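Please model the entire structure based on the sequences and the hints provided.
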Amino acid sequence: MSTVVTPPESGSNAEATPPSGPTHRRIAWHLRHGPKRELWLAWSTLVVFYNLFFPMVFVVAQVQPPPAPAWDLATQVHYFHERHLGIPIGLGFIFAITGMTAVNNALIAYSMRRMSISRAFGYSYLLIYSLSALPGLLLLCIALIVATLRPERDPKVLGWLYDFAFLSFDGTMGVFLIGSLIWMVAILIDKNRVFPKWFGYLNLCNALTEVVVAPCWIFGRGVLAWNGQIAWWLDMVVFGVYQVTFIVMLFQMIRREDFGTGPMPDLPRKRATAS
Amino acid sequence: MPLKFNKRLLVVWVVLASFTLAYLWIDHSVDGSLRPNAVVTSSVIVIALIKVRIIFREFMEVRQAPALLCRLTDAWVVLIGVGLFSCYIVGLTLG
Amino acid sequence: MTDLTDKNKRATFVPGQPDMWAFVLFETLVFTAYFGFYLFYRAKSPELFLHGQAQLDLRIGVFNTLVLLLSSWSVARCVQSARVGAFRAALRDVYITAACAAIFLFFKVFEWARLVRNGNGIDSSDFFTYYFFLTGIHFVHLLIGFVVLGVVVYQLRSAARRSQELVETCATYWHTVDFLWVLIFALLYVVR
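So the protein lines, in turn, are chains A, B and C. For the first sequence, this note's numbering gives the first residue as 1, with consecutive numbering after it. For the second sequence, this note's numbering gives the first residue as 1001, with consecutive numbering after it. For the third sequence, this note's numbering gives the first residue as 2001, with consecutive numbering after it.
The hints are simulated quantities; they were obtained by calculation from the structure and are not laboratory data.
If you only want the chain C side, here are some residues facing chain B, beta carbon under 7 angstroms, derived:
| hint | residue |
| --- | --- |
| 1 | P2015 |
| 2 | L2025 |
| 3 | L2050 |
| 4 | V2062 |
| 5 | W2073 |
| 6 | A2186 |
Computed beta-carbon distance windows for the label pairs:
| hint | chain 1 | residue 1 | chain 2 | residue 2 | range |
| --- | --- | --- | --- | --- | --- |
| 7 | C | V2147 | A | V241 | 20 to 26 angstroms |
| 8 | C | A2054 | B | V1011 | 34 to 40 angstroms |
| 9 | B | G1081 | C | F2063 | 23 to 29 angstroms |
| 10 | A | P67 | B | R1063 | 49 to 55 angstroms |
| 11 | A | Q229 | B | D1031 | 32 to 38 angstroms |
| 12 | C | V2109 | B | P1066 | 36 to 42 angstroms |
| 13 | C | A2159 | B | V1011 | 31 to 37 angstroms |
| 14 | A | Q229 | C | L2025 | 20 to 26 angstroms |
| 15 | A | P155 | B | R1071 | 54 to 60 angstroms |
Note that this is a predicted model, so its numbers are computed, not measured. For each residue, glycine too, the CB sits at the ideal point set by N, CA and C.
Quick look at the structure:
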């Protein structure tokens, strides 16, 4: 763990250095007195969330990769029938842990507070991403679970729920787009070097994939449909790169954090070892 | 000094414009026939890649960049070419 | 002695932020993937794509390409002018770039409107799906380019700013918009 010695006037109490000694004592110290414990807790929440999200959505509920928009009603009814257990369990679980995304958003907003920019950035990001959880995740969960709860429902209603779920998930990327752009602008005009500029540009790449998904409202088939090779598969590759990168960048940020208000220090270079 | 560089840039633009106008000639030479033509497609792609490389080296000043950037941009031109041609060829074989 | 160091100094500099180069290379890969899908599906059903392509006017495409290449020329000139301190010339060059971009924009929208009026919308055929998608996403990059050019103008106008690195970074972005169009034009308008 980082053994950052915070200067005495920086707000934390006098025992700023962890004690040497057995590991369990050091861990206990970090849990009780470590100045970064909230940050690490937030970051761990982020990692835990994604480690739960992907298996639940892809494996348990099996609603991603998404099915085809153009299936006829009978196939759609069968789709729900196949997942009559998986969807309630998987998406119900996701619905229950959605609150974790608030912690994720808070950590990102924190990174913007550490920057040399207006507080408006952090707060508007929080606002937008909090709102986006509704169409971006919760509606999908609700619509799909509702669809599986009464299999004897009129197929037309099931078809409506099917469209509603996937369109609200893939078609409301505009909100995430704006959020990404806010973070991007924040990173690019920041003078505290919280993140390298290339990460700001990567936010732009991510934002642009959200533009690419927008036409899914128009297409029932083809590469731009909500399950299309460009709108879903290629976008997932870019999104995956972005996800992994931002988790790593937040990790680095927490390690570098000095709780000051000026430029963030870089990580100390590893001593050159024989390699 | 600026005048000398500006002339070079202008020459570069003229070269790129000529390649672009060459497309008109290519199009004219296959005009009318609504048939696929692999030779035309391949040469069009190659010309486009040449233009991209010229833009990299002259307009984007990669000529005066460290070797790493020179090699990266050249590798990218090759990568684009390989990507385009493989998709085209696979499509042709499966079509 | 100065000759030697001069030669070494002139030999290598990265134009603009390396970060922007990372973005350029990454975005190029993404676009190459889009082009790959296009070429694959085009090769599979050539008649459909040829029929759609016949609705395009090659002359507008050529004109737009020349205009965008001109904008690259002027922004490259701007970088060089700024480098030697000729800031008024650099500003003039960036305004020329913006003018070229505006001309491109105008003709692109005009072209789209004409196609849609003739019944060729984004969902009228696979060819037009790719056409509007590729030119559309490029258009978005162009619009961002206006913001980027704005940054250049902002930098050049005040003696307190004028970061050469930032001007070069913005120029690098602009050239990317240009060379992506070079590829898009070749693939949509000329390929058979």
